[in-house]
Amino acid sequence: MPLLKDGQVVADPWRVVADGEPLPPAVPLLVPFARWQTERDALIRRNAPIGVRLPNTLDLAQVAPDLPLFELIALEFPKFVDGRAFSQARLLRERYGYRNELRAVGNVLRDQLQFMHRCGFDAFEIASPNAVEWCQAAMAEIDVFYQPAADGARTVFERRTA
Amino acid sequence: MYRYDSYDQKILDQRVEQFRDQVRRRIAGELTEEEFRPLRLRNGLYLQLHAYMLRIAVPYGTLSADQMRGLAHVARRYDKGFGHFTTRTNMQFHWIKLEDVPDALADLAKVQLHGIQTSGNSVRNITADHWAGIAPDEIEDPRIWCEIVRQWTTLHPEFSWLPRKFKIAIGGSPHDRAALRIHDLAFQMRRNDAGEAGFEVMVGGGLGRTPILAKTIREFLPKRHLFSYIEAVLRVYNQLGRRDNMWKARIKILVHELGTEKFRELVEAEWEQIKGGALEVPESEVARIAAQFTPPPYDADAPTFTPEFDALRLNDVGFARWLKTNVAGHKQPGHAIVTVSLKPEGGTPGDITAEQMDAVAELAERYSFGEIRLTHTQNVVLPHVRRADLPALWRALSPLGLAVPNIGLATDIIACPGLDYCSLANARSIPIAQQITRRFNDLARVHDIGELKIKISGCINACGHHHVGHIGILGVDKNGEEFYQITLGGSEDENARLGTILGAALPAGKVVDAVETIVETFLALRRDGERFLDTYRRIGIAPFKERIYATA
Numbered sequence: 087m088p089l090l091k092d093g094q095v096v097a098d099p100w101r102v103v104a105d106g107e108p109l110p111p112a113v114p115l116l117v118p119f120a121r122w123q124t125e126r127d128a129l130i131r132r133n134a135p136i137g138v139r140l141p142n143t144l145d146l147a148q149v150a151p152d153l154p155l156f157e158l159i160a161l162e163f164p165k166f167v168d169g170r171a172f173s174q175a176r177l178l179r180e181r182y183g184y185r186n187e188l189r190a191v192g193n194v195l196r197d198q199l200q201f202m203h204r205c206g207f208d209a210f211e212i213a214s215p216n217a218v219e220w221c222q223a224a225m226a227e228i229d230v231f232y233q234p235a236a237d238g239a240r241t242v243f244e245r246r247t248a
Numbered sequence: 443m444y445r446y447d448s449y450d451q452k453i454l455d456q457r458v459e460q461f462r463d464q465v466r467r468r469i470a471g472e473l474t475e476e477e478f479r480p481l482r483l484r485n486g487l488y489l490q491l492h493a494y495m496l497r498i499a500v501p502y503g504t505l506s507a508d509q510m511r512g513l514a515h516v517a518r519r520y521d522k523g524f525g526h527f528t529t530r531t532n533m534q535f536h537w538i539k540l541e542d543v544p545d546a547l548a549d550l551a552k553v554q555l556h557g558i559q560t561s562g563n564s565v566r567n568i569t570a571d572h573w574a575g576i577a578p579d580e581i582e583d584p585r586i587w588c589e590i591v592r593q594w595t596t597l598h599p600e601f602s603w604l605p606r607k608f609k610i611a612i613g614g615s616p617h618d619r620a621a622l623r624i625h626d627l628a629f630q631m632r633r634n635d636a637g638e639a640g641f642e643v644m645v646g647g648g649l650g651r652t653p654i655l656a657k658t659i660r661e662f663l664p665k666r667h668l669f670s671y672i673e674a675v676l677r678v679y680n681q682l683g684r685r686d687n688m689w690k691a692r693i694k695i696l697v698h699e700l701g702t703e704k705f706r707e708l709v710e711a712e713w714e715q716i717k718g719g720a721l722e723v724p725e726s727e728v729a730r731i732a733a734q735f736t737p738p739p740y741d742a743d744a745p746t747f748t749p750e751f752d753a754l755r756l757n758d759v760g761f762a763r764w765l766k767t768n769v770a771g772h773k774q775p776g777h778a779i780v781t782v783s784l785k786p787e788g789g790t791p792g793d794i795t796a797e798q799m800d801a802v803a804e805l806a807e808r809y810s811f812g813e814i815r816l817t818h819t820q821n822v823v824l825p826h827v828r829r830a831d832l833p834a835l836w837r838a839l840s841p842l843g844l845a846v847p848n849i850g851l852a853t854d855i856i857a858c859p860g861l862d863y864c865s866l867a868n869a870r871s872i873p874i875a876q877q878i879t880r881r882f883n884d885l886a887r888v889h890d891i892g893e894l895k896i897k898i899s900g901c902i903n904a905c906g907h908h909h910v911g912h913i914g915i916l917g918v919d920k921n922g923e924e925f926y927q928i929t930l931g932g933s934e935d936e937n938a939r940l941g942t943i944l945g946a947a948l949p950a951g952k953v954v955d956a957v958e959t960i961v962e963t964f965l966a967l968r969r970d971g972e973r974f975l976d977t978y979r980r981i982g983i984a985p986f987k988e989r990i991y992a993t994a
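These protein sequence lines are chains A and B, in that order. Every number in the working numbering is 86 more than the matching position in the first sequence, counting from 1. Every number in the working numbering is 442 more than the matching position in the second sequence, counting from 1.
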């Protein structure tokens, strides 16, 4: 599936390992949260970049102490109508100070990209050959915002009082 | 009234173009109907039984004369010449074509109206007391805060894909005219011991198949913390609200399952983390918005009575009745609040023709500083009328069919569109309402019966608020036939209660007789000056049950 990062389609350097699959050596690995919990030490000893895919039901306080270890966090949209990961993304960025790649995976729609970006996502897995055009169009549709969010955009309230 | 600045207007214009492109992509086949559905819904576009329906928000029920004309224009140009006001102070157009919707929205955007978040699992149109800014008992005008919340909830990046819809209401007076306790989240203006104005916070109300009245989770919230508190509530709900079953997805179920105290703890803990900072509403912004809700230039010398007024009141029973039910006291001496009834005999509650809309707009300009309000009871209000102008206004409204003196009475019925339009309905609502207004077409009798709120829903989703009607009527399907279940004793004000089921559902042909029997039972047992609800609360449901089911 095409990976869109900072508005461009890029090669995905991350190797995804599923449950039960042996850990390959020395490549950036994206593991499910359950494997992170059971194989935390083995993953750290590999001495290669670690990414984790968090279920959207997870209370982030459970993973907060480990966040400095991750270079990628993937948040899930099992169905596009399931918006829990919007809150997780903002909390990761705004409360827990997570700065590395934050990727939206699952059922990611063009018409949600701008909201995802505002909530702190900087990478998207999108099932479309037109991902770049989609992203450019979606990001430009609205350029004035009422709410403070993880993208740091100045709000209408701030602009009015400036 | 609030007028959009360049930022508000730009967001609205961009949203119209964004939706235009979404419609284009749907028509071109780039979007499946499944993908398009939530996109159109969050812009107020439903697919109903016979056609698309477009729902336009009237934030906190406040309209200018120009905006009313904008609605009339859309009714005429893109629909069948009428519109329908709903219980959430929205207007619905029931016969719109998909390809016309972007143009209709662009036309409405010119008068600062829109369909943003009038449906879908997002924060819906903010509603308020329809007497905001004019009620004699008001603490502070809630519209200032409604407008601030409107802006902050518009296209919110985090809370646009909630488990289910989310309705917010704000009241400014101790007397609740906004049905606060049936909202997902409601704020009631209060004063604390220091005399400062703030909000009591209520959460988890709603009707539908699991009717629950909202619980208070905070006695007093300082006004500047309004955004952060709403954000805390929404964040807890977005993360923990159920998504496995759409009938259990409203916040009321989460509050119920966690328990009010646990829910309150979660919200307060979240709020502690986010209050202040960028979520604190800037004083200057509050002042800027408040300045747009300053009272109009009232006539300080407006008389309470004039010779014409007195003579008409004595000589015309129609005018006298209208004064009694459709005219209310205003905080400004010499002025009155006038309710324009959209409940004529045999009519569809809340329906209004384009000609009536234009006429109301003109009368608002002539007599009410160009301002109009909508009520959750599906009527229209002219909020600032000089008492001396009441005879002329009444004479102008009467031939338009807009001066029926029945506000708060048996024929001032709330009804959802029901099976005549709605794809969710089990039964028709409108014909039941029409039959009741025909049966009770003697105004002397209706005035003698006094305050009586009849509310009709065509299905368990309860858009007609039947649970909180003094008499509630719910349409159900029994083996393909329309039946109606009656509840008694509900109310929606500061003493809100859910109604009690009277007994087995009745066939359509017996509903109006049953309503009449209930009313006759009340009249026979009423003590001096009692309202229906007073008598009901004194004697209980048994006497009504006996009469209905003994004769059934």
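These are computed hints drawn from the structure, not numbers from a lab. Quick reminder that beta carbons are idealized off the backbone N, C-alpha and C, glycines included. A couple of the hints might just be wrong.
[Unchecked claim] These stretches of chain A come out as covered by chain B in the derived footprint (C-beta under 8 Å, 3 or more residues): (1) 87 to 99; (2) 115 to 126.
[Unchecked claim] If you only want the chain B side, here are some residues facing chain A, beta carbon under 10 Å, derived: (3) S448; (4) N563; (5) E600; (6) P605; (7) G637; (8) E638; (9) G719; (10) L842.
Do the hints match the structure? See the list:
{"no.": "1", "hint": "87 to 99", "verdict": "violated (count 0)"}
{"no.": "2", "hint": "115 to 126", "verdict": "violated (count 0)"}
{"no.": "3", "hint": "S448", "verdict": "holds (9 Å)"}
{"no.": "4", "hint": "N563", "verdict": "holds (7 Å)"}
{"no.": "5", "hint": "E600", "verdict": "holds (5 Å)"}
{"no.": "6", "hint": "P605", "verdict": "holds (8 Å)"}
{"no.": "7", "hint": "G637", "verdict": "violated (28 Å)"}
{"no.": "8", "hint": "E638", "verdict": "violated (22 Å)"}
{"no.": "9", "hint": "G719", "verdict": "holds (8 Å)"}
{"no.": "10", "hint": "L842", "verdict": "violated (39 Å)"}
Of the numbered hints stated above, those contradicted by the structure are hints 1, 2, 7, 8, 10, listed in ascending order.
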